[in-house]
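Below are the chains, spelled out letter by letter.
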Amino acid sequence: MARCLISWVWFANDPDMTPPRLTTHRQPLRLIKDRVATGLITAGGVGVLLAILAIGVFLVWETLPLLAIGDTLAMAKLSPLAWGTLKAAVAALLFAIPVALGAAIYSALFMSARLRSRIKPTLEMMEAIPGVVVGFIAGLILAPWVERHLASTLALIIWLPLSVGLAGLAWRLMNKKLRRRLPFSWAGLWLVPWLALMVALALWLTPWIEQQWLGGDLRQLLDQRFGMDYATRNAMIVGIAMGFAVIPSIYSLAEDALADVPTSLIEGAQALGASRWQALWRVALVAAGPGIFSAVMIGAGRAVGETMIVLMASGNTALFSASPFEGMRSMAAAIAIELPEAAPGGLTYHLLILAALVLFIFTFLVNTLAEIVRQRLRRRYRHLGGS
Amino acid sequence: MSELSANLPPRRDRFRWLNSLWPWLCAASVALSVLMLAALLTLLAVRGLGHFWPASLEEVTLRSGESFAGQAVREVTLPQQEGDERLYFTGNRDIDGARWRWVAVDEIARRTQPADLIRLERTPWGDFIGRLEAIEQHDQRWEGEAAWQRLNALLALPISQRQDSQLLLTTTNGETLRQPLANVVSAQAPNAMSAWQKVHAWGEGVWRFLSEGPRAANTSGGVWPAIFGTVLMVILMSVMVTPFGVLAAIYLNEIAHQGRLTRFVRIGVRNLAGVPSIVYGVFGLGVFVYGIGGSLDEWFFSDTLPSPTFGTGGLLWASLTLALLTLPVVIVATEEGLARIPEAQREGAVALGATRLEMLTRIVLPMAAPAMLTGVILAIARAAGEVAPLMLVGVAKLAPQMPLDGEFPYLHLERKFMHLGYHLFDTAFHGEDVQAAIPLVYATALLLVLIVLTLNLTAIFLRHYLRRQRGNEC
Amino acid sequence: MLASLHSAHTSQAPVTHFAADRCCLSIDHFSLAYAGKPALRDLTLSVPRHRVTAFIGPSGCGKSTLLRAINRLHDLNESVAHSGHILLEGQDIHDSQMNVTELRRRVGMVFQTPNPFPMSIYENVAFGLRLQQRMPKRKRDDIIEWALTSAALWDEVKDRLHRSAWQLSGGQQQRLVIARTLAVQPDVLLLDEPASALDPISTLKIEELIRNLKSQLTLVLVTHNMQQAARVSDYTAFLHQGELVEYGPTDQVFTNPRLQRTENYITGRIT
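If you read the protein sequences in the order shown, they are chains V, Z and F. Numbered per my numbering, the first sequence spans residues 2 to 388. Numbered per my numbering, the second sequence spans residues 114 to 587. Numbered per my numbering, the third sequence spans residues 33 to 303.
If you're looking for bench data, these hints aren't it; they were derived computationally from the structure. For glycine and all other residues, C-beta sits at the position ideal for the given N, C-alpha and C. Any given hint might turn out to be false.
With the C-beta cut set under 10 Å, the calculated list includes, among others, these residues of chain Z facing chain F [said to hold, decoys possible]:
no. : residue
1   : P455
2   : G466
3   : R475
4   : P479
Bound-form chain V, shown alone (with noise of 0.2 Å):
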């Protein structure tokens, strides 16, 4: 304490001098600043804001026009978009929801955690790819592939989980030390060579099948038997491609609501008993529901806006028919395709627009909906008490 008697600082040891303050001539200067900061911050932030806000303003403004014409022609025009619209959706939630659900099970109530934290973030990539490239993909080399291999990829379907069920079999019946160097929480990597294997497998053997019964060649056998067109690029590598894209986001979403179920609600229902996938299934899907709903919705949001997935794999073709084998137009792609050549203010213009604020409407409700059931159900946790 001996430092306290410096002179210059302290006043304690003579309690008559004035203590000699620090100068604060920078104060009123200091304040202004501050007041003209917190205005601009709470201007530029508002008018961001505004902005934002105003995009749901001009759509609505630019289909007032619309008004005047009639609802007749817009139906006759809006129409199969948004049929195709809702098939293409369909159909990519077809695929993403029992594989999305499924991932978000596993993953959050199976894996070992260190596989986890591997797992999760590569899954969540995929939401980064763009859809242009999924579409290429899906549009350029899947779609050619699957109409020669048709056969192949229907057999695909009911053989890949027949196969899994078959690795659980074996995985049964293995020797303990060969379980324990498999362990069912890493079942989500290496069953990825067994599915490799499996499709190799079914590639090699379909078309012996095919040739044997179904007379050599399916999509013949579609068009004569039940009348059914195949077009290259139909609702079904659609469904596959914009499933692929919309996975990440309906598992993350979910995947974080089963994870948020406290484990104390699991542990109890197994304690009562219950077997592991009994707790999951009655405890842990009931308690986590409104999350795997918001997710799901998500998907759904995403799955309706998506234009170059479907613009590149759909064919593009405006039609009314429910066939996974056939093409469709879209919303978004018919917006991305005729907007830039409709003239301003004419009726295409005003109709693609119109179609905007639909689909504009339609996925903020969508994640509104999904953003309130997720908030009610996290502050339903916090009262249980869960992390």
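Fit chains Z and F to the supplied structure of chain V, relying on the hints for placement.
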């Protein structure tokens, strides 16, 4: 105990085996996703990089006695028949009229790989595959091996200095051709190359792909203008999105009254990230291009009307649209970073007599900087891969002028520009010879994926690093 | 029990008053409500200069709220309303003439958990100085050395002034925060349970520091640790449910409390 359980109805055990199947199906879903991702990336990597590898050229003699030279591309099984069919790239469109040839494998009598087969890349007519007979320059003439060496020496010179040379070429079925050297871009004799030379040629091919402009209606050449356009657009976009995104985030998190309204605005902003990109494109076209751009034209560029200056898609409008599109990404990431800063830090600064501005600039913003950077990188990654809105607001399949050049005012915001993603789409779907363009499309796709994944990985690592650093604090 | 508390409340709380020249901080009929819920009710007390005054009371009694009110930290929160006056050296801190940032410089505050900024030790102490005025580097170095010495930290950190402050131990961090506050030369130092997050040895160091500092400035200590209040403070105020129950010299409050309620708390019957 046993009495109790005796009273319970017997459980239905018939489907019990299903219970043990479900977890396996779930595990397989993960495996399937990983497999698909791996397959996609491998396909892109192999086909994208393999395109630059100097492929061997074959001289094929058919049972009919006819012969041709080409590069085997792929084989497929013949429909309805036994046997396979093979696709050859034969080049020589000026002589044969076609560049591709399907041959049934059974019809091939003999395949050889003679070392003297060469492949020339030319600006009109595309590739030539055949033999080099001689080079003529003025009255000088080189033949055989000397001609090949002379050709390589000449190709190293700039184009202006090889105007006066002529190549004498023959195809494998005996037709001859005089080819001016000025139109030749490169020459290879892949069958005579050693492995090391092939690696070298591969590296050169990759470099030329990255550094040259496209040729032959985008079916060959490089993607340099597209890379340049993408990067420039993304830079402009980040310059616009960063300050506004950060400003909005600071306002929402630090200044706005934290009430019901702020919560709704926050949810709204979050949800805008889920609005399809094409909707932003529509907004950009209607408001920026037709609205603001049209007015600008009327006020300042009325002498050039009706041809629009700013009233059509261009670099400025594209980057503005993408800035709007990525605004939610930056706002959300920055807000997350701001919310993560302990209140104690803010109070500590304020308790020392700092004003709010001083607290923000000296404590809060430096601490939130990595989060902002993460947001901007994620925004860039999203913008780099986004194509749909660009189709409405200013991307071009082939931009005659770069948006940045030596001409005043150097940065031409009104010009159209090329973009990797759109280049990919256009080449793959609107090219005249898609078959020839596909290898290049693969390479472009690989490049695009690499850029986007690298950006995302950077963001992930940054965030991870940030969380760990924050974890050490307590 | 409740009845006894209530009866104690109705009688006028005994309050020690100081002559104006000895009084540094005086709180006059001060009430504060947080989102409509009253947190402080009609407090009146004065804090003597160059002494350590401890606020004790069960958690939620409003002692931290009072401390934050003296620093006007509630300004950041819009849902806080107050009435009455707090006078610093005779000047109302809510007066329009009073500059908030200047007030906060004069009234330093140390929080429960150490909150060093994510910068070097040197920069942490220099932070407040840089806000106030430009000064030559030598003078700033001198003040920093003096502040760190006053906080009994100089010897431990003089060789690593430019290392991150987050590398220090918890006790060192808390002393760094005190040094950071001392550097801007406050008149009053408010300490909000400064040792509650620390180990016993660090706690002792902080307590010793508090005793030493009172020769230089006025200290107000909030603590829920009765022994600590008895060890370091000269005067003790007992708050309960936002009200001042008893205030007087520490010896008297601890050995011979005037009210039953105070005794109940000190002997551990109210927690």
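Verification of the hints:
Checking Z/P455 against chain F: minimum C-beta separation of about 7 Å stays under 10 Å; hint holds. A least Cβ separation of about 4 Å between Z/G466 and chain F falls short of the 10 Å threshold, and the interface hint therefore holds. The closest approach between the C-beta of Z/R475 and any C-beta of chain F is roughly 7 Å, which is under the 10 Å cut-off, so the hint is satisfied. Of the supplied interface hints, the one on Z/P479 holds, with its beta-carbon coming within about 7 Å of a beta-carbon of chain F, less than 10 Å.
Comparing the model with each earlier hint shows no violations; every hint is respected.
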